[in-house]
Amino acid sequence: MTKKEWPLWEVFIRSKQGLNHKHVGSLRAADEVMAIENARDVYTRRSEGVSIWVVESKNIFASDPSDADALFEPANSKVYRHPTFYDVPDGIEHM
Amino acid sequence: MKELDITELERKFQEKIDNEIRIEPNDWMPDAYRKTLIRQISQHAHSEVVGMLPEGNWITRAPNLRRKAVLLAKVQDEAGHGLYLYSAVETLGADREETIDDLHTGKAKYSSIFNYPTLTWADMGAIGWLVDGAAIMNQVPLCRCSYGPYARAMVRVCKEESFHQRQGFEIMTKLAQGTPEQKAMAQDALNRFWWPALMMFGPNDADSPHTAQSMKWKIKRHTNDELRQQFVDITVPQAEMIGLTVPDPDLKWNAETGHYEFGEINWDEFWQVVSGNGPCNKDRVDARRKAKEDGSWVREAANAYAEKRKARKAS
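Going line by line, the protein sequences match chains W and G.
Using this note's numbering, you'd call the opening residue of the first sequence number 2 and step up by one each time.
Using this note's numbering, you'd call the opening residue of the second sequence number 46 and step up by one each time.
Simulated from the structure, these hints should not be mistaken for lab results.
Treat each hint with caution, since some may be false.
Stated by the list, open to error - Result set (EDC-like, lysine to aspartate or glutamate): computed pairs, CA atoms no more than 20 Å apart in a straight line:
| # | chain 1 | residue 1 | chain 2 | residue 2 |
| --- | --- | --- | --- | --- |
| 1 | G | LYS353 | W | GLU57 |
| 2 | G | LYS219 | G | ASP233 |
| 3 | G | LYS353 | W | GLU38 |
| 4 | W | LYS59 | G | GLU352 |
| 5 | G | LYS355 | W | GLU38 |
| 6 | W | LYS59 | G | GLU69 |
| 7 | W | LYS5 | G | GLU345 |
| 8 | G | LYS57 | W | ASP65 |
| 9 | W | LYS5 | G | ASP140 |
| 10 | G | LYS353 | W | GLU33 |
Based on the provided sequences and hints, a complete structural model is requested.
Below you can see the structure in the form of C-alpha cells.
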C-alpha cells in the first residue's frame, strides 16, 4: 500500500467578474484538476466565486518576515508619494 | 539560540499581541504558543468532523425533503469546517495525517457533546439550536484570535454557522407547536442536551489552568464561565418563547445582576465523557477509523489517476 499524501494547494477565488482573485485558504488534492474540484466544494458552497486558481503550495516563494523592515520601512519616509502631501490653494478645483 | 535572544523575541512577540497585531505562519512564536494552538485547532477540527456523525444518523430519516436537504447541507458544512481547520493546523508545521491519526488513537480530544446519542428527530433540533448555538458563542470571539489563519477560518465558519442554529430552532419550534407527542419529543431532546451543551464551555474558570495564558496570548478572549453565562442568558428566553422548559430547578432570573442563576453542572459526568466513558465515545472513534480505512483505496486511486493523467499529458 502506498502511503503518499496528496500535495497541498493554495486556493484563490475571484468572487465576481471585474475583481481580482483572492487567497482563501488551502487544501489537499492529488493533482491540479482535483484541486479545483475540491476547492469548488470546500470554498464556494454559497456562490462565493466565479473563477478558481490553485497553485501548489511548494511553488510559492514568500518574503521573510524578518526582512519586513528592510523591505517595507523605506516607503514610510516617502510621504511625498501621496497626494495629501501637497497643499492645493483654496479655489483650485478638480485636482 | 542564546537565552537572552529568546527573552527578547518573546518580549517583541507579546508586544505585537498587546498591540493587536496578528501572528502569521512564518513569524517567530514561542514553542508553547505553537503547541497550544496545534492542540486547540486540531481538537476543534476533530470536533467538526466527529460532529457529522450524530446528525448523519438522521439524514436518511429526515421527515421530508426540505428537512433532508437542509440537514445534508449542514453536515456538508461541518466537513468543510473541519477542512479549513486542518489547513490552519498545517500552517503551524503539524503533519496533517499525524493530526488525524491522533484522533484515531485517542491521543487527541474532541468536543464531549458528540459522545451523546441522537435518539429522535427532535435531537436534530436540539443540536442545531443548543450545540451550534454554544459553538457560535465560542467561535465569534475566536474571529479575533491572535493567530491569523485560525481567525480567518473562524470568520468563514461563523458566517456559515448561523444558518445551523436557525434551522435547529425552527425544528424545535415546529415540534413545540405540534401534537402533544411532538411537543414531548422536543422537551425530551431539550432535557437531554441542555446540560451537555453547558458543559461545552469547559470546566469552571477555577479549574481551567490554561485560560490565563491563552487570554494573555489573545487566543481566548473570554473565560469559560463568562461564555457559559452569556449562553444561558440568551437561550433561556428562547426556550420560554416556544413553550419549552429548561431542565434546571435552580434556574432563576436575578434582576440585580441582570443574569440568570443556574444549577451546578455535573462535573463528574463531564470528566467521565472527556476521558472516554461517554455513551458513544467508542462508536465515534471507531466510525472515524473505519472511514479512514475504507477510504484509503479512494486516496490511492486518486494518486494513480493523477499519475496517469500526467503521463498522458507528457506524451
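Hint-by-hint comparison with the structure:
{"no.": "1", "hint": "G:LYS353 - W:GLU57", "verdict": "holds, 19 Å"}
{"no.": "2", "hint": "G:LYS219 - G:ASP233", "verdict": "holds, 15 Å"}
{"no.": "3", "hint": "G:LYS353 - W:GLU38", "verdict": "holds, 18 Å"}
{"no.": "4", "hint": "W:LYS59 - G:GLU352", "verdict": "holds, 18 Å"}
{"no.": "5", "hint": "G:LYS355 - W:GLU38", "verdict": "holds, 17 Å"}
{"no.": "6", "hint": "W:LYS59 - G:GLU69", "verdict": "holds, 18 Å"}
{"no.": "7", "hint": "W:LYS5 - G:GLU345", "verdict": "holds, 8 Å"}
{"no.": "8", "hint": "G:LYS57 - W:ASP65", "verdict": "holds, 17 Å"}
{"no.": "9", "hint": "W:LYS5 - G:ASP140", "verdict": "holds, 13 Å"}
{"no.": "10", "hint": "G:LYS353 - W:GLU33", "verdict": "holds, 13 Å"}
Checked against the numbered hints given earlier, this structure breaks none of them.
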